[in-house]
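S.K.: Sequence:
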Amino acid sequence: MDISLKISKSQDPHNTAVKNISSVFKKGWLTSYDYKKQKPTHYQSQRAPGNLFTAQTIKPILYLTKLTHAALYEDHNLVSSFLKKEDTAWKEVLKHNENGGLCIYASVLLYCLLLESNEISRNKLSFMQGYYHHEFHDQHILKNMYQNGAFGLHSYILYEGYVVDTTIHQIAFNYYPGEHKEFNFIGEITGGINLYGFKETNKTVHKYAKKFARDADMTIETWINYHQSIMNEYISNQISLLNDKKDS
269 MDISLKISKS QDPHNTAVKN ISSVFKKGWL TSYDYKKQKP THYQSQRAPG
319 NLFTAQTIKP ILYLTKLTHA ALYEDHNLVS SFLKKEDTAW KEVLKHNENG
369 GLCIYASVLL YCLLLESNEI SRNKLSFMQG YYHHEFHDQH ILKNMYQNGA
419 FGLHSYILYE GYVVDTTIHQ IAFNYYPGEH KEFNFIGEIT GGINLYGFKE
469 TNKTVHKYAK KFARDADMTI ETWINYHQSI MNEYISNQIS LLNDKKDS
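In terms of my numbering, the sequence shown opens at residue 269 and continues consecutively.
None of the hints are false.
Here are the in silico distance ranges between beta carbons for each label pair:
no., residue 1, residue 2, range
1, 478, 409, 40 to 50 Å
2, 510, 451, 14 to 24 Å
3, 467, 291, 16 to 26 Å
Below, computed lysine-lysine pairings styled on DSS-like, alpha-carbon distance capped at 30 Å:
no., residue 1, residue 2
4, 471, 304
5, 475, 307
6, 475, 295
7, 478, 295
8, 363, 475
9, 287, 411
10, 392, 304
11, 363, 352
12, 294, 471
13, 327, 392
14, 327, 353
15, 475, 392
16, 478, 363
17, 359, 295
18, 294, 363
19, 305, 471
20, 392, 467
21, 479, 305
22, 475, 353
Since the hints were made in silico from the structure, they are not lab data.
Computed from a predicted model, the values in this text were never measured in an experiment.
Note that the Cβ used here is the ideal one computed from N, Cα and C, for glycine as well.
Given these sequences and hints, build the entire structure.
M.R.: What follows is the structure, given as structure tokens:
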């Protein structure tokens with residue numbers, strides 16, 4: 269969900285962004301406090317250690333990067349090896365892409381799946397809601413239109429202080445239509461992108477998960493287990509493809 273800002277030279281674009289996204293989150297989503305009364309945390313890019321995630325805990329990141337990328341382009345072929353068009357996972361990810369909450373949905377599900385691995389504790393995870401700021405390079409066709417850069421509502425998580433963002437490829441979708449890139453951020457952020465966020469409570473995450481599960485006619489536990497099953501099928505398919513390439 270992008271916020272188009274018309275800002276005069278006398279205005280602070282980030283203050284305006286906070287006011288805008290605060291209103292959007294408050295009206296359409298969930299918050300535990302008034303963001304306008306707080307200063308967002310500007311994430312400082314840092315390289316994540318190679319052992320930050322195990323073979324088990326990297327799975328939800330790969331799964332949600334693939335799932336959300338397919339939803340952005342509404343391209344079921346990208347996930348057809350492990351999802352049918354009538355499957356709940358495909359229907360709900362398309363729904364949240366359409367309603368502007370893809371990043372929220374994916375971050376909540378990622379948070380839940382990481383906890384479900386039993387390898388990551390809750391106190392090492394932070395669920396963030398805020399916005400991205402993207403500055404265009406001088407040759408970009410939109411540089412003059414977005415002199416202050418593009419601002420968009422965004423959500424992501426932090427694990428041990430490192431960003432984990434599985435929907436940041438929405439920027440490629442919005443502003444670089446020819447690239448069709450599937451990518452995520454783990455630790456480092458690149459491409460003229462900056463992330464600003466407000467840390468939300470565990471209670472907010474639980475409320476979101478309960479809502480998403482209810483929308484799917486499931487309990488939270490069933491909803492998480494369902495996605496865990498789909499995730500494992502996707503990873504198994506990827507391993508099989510790699511083994512086939514080795515054998516060929």
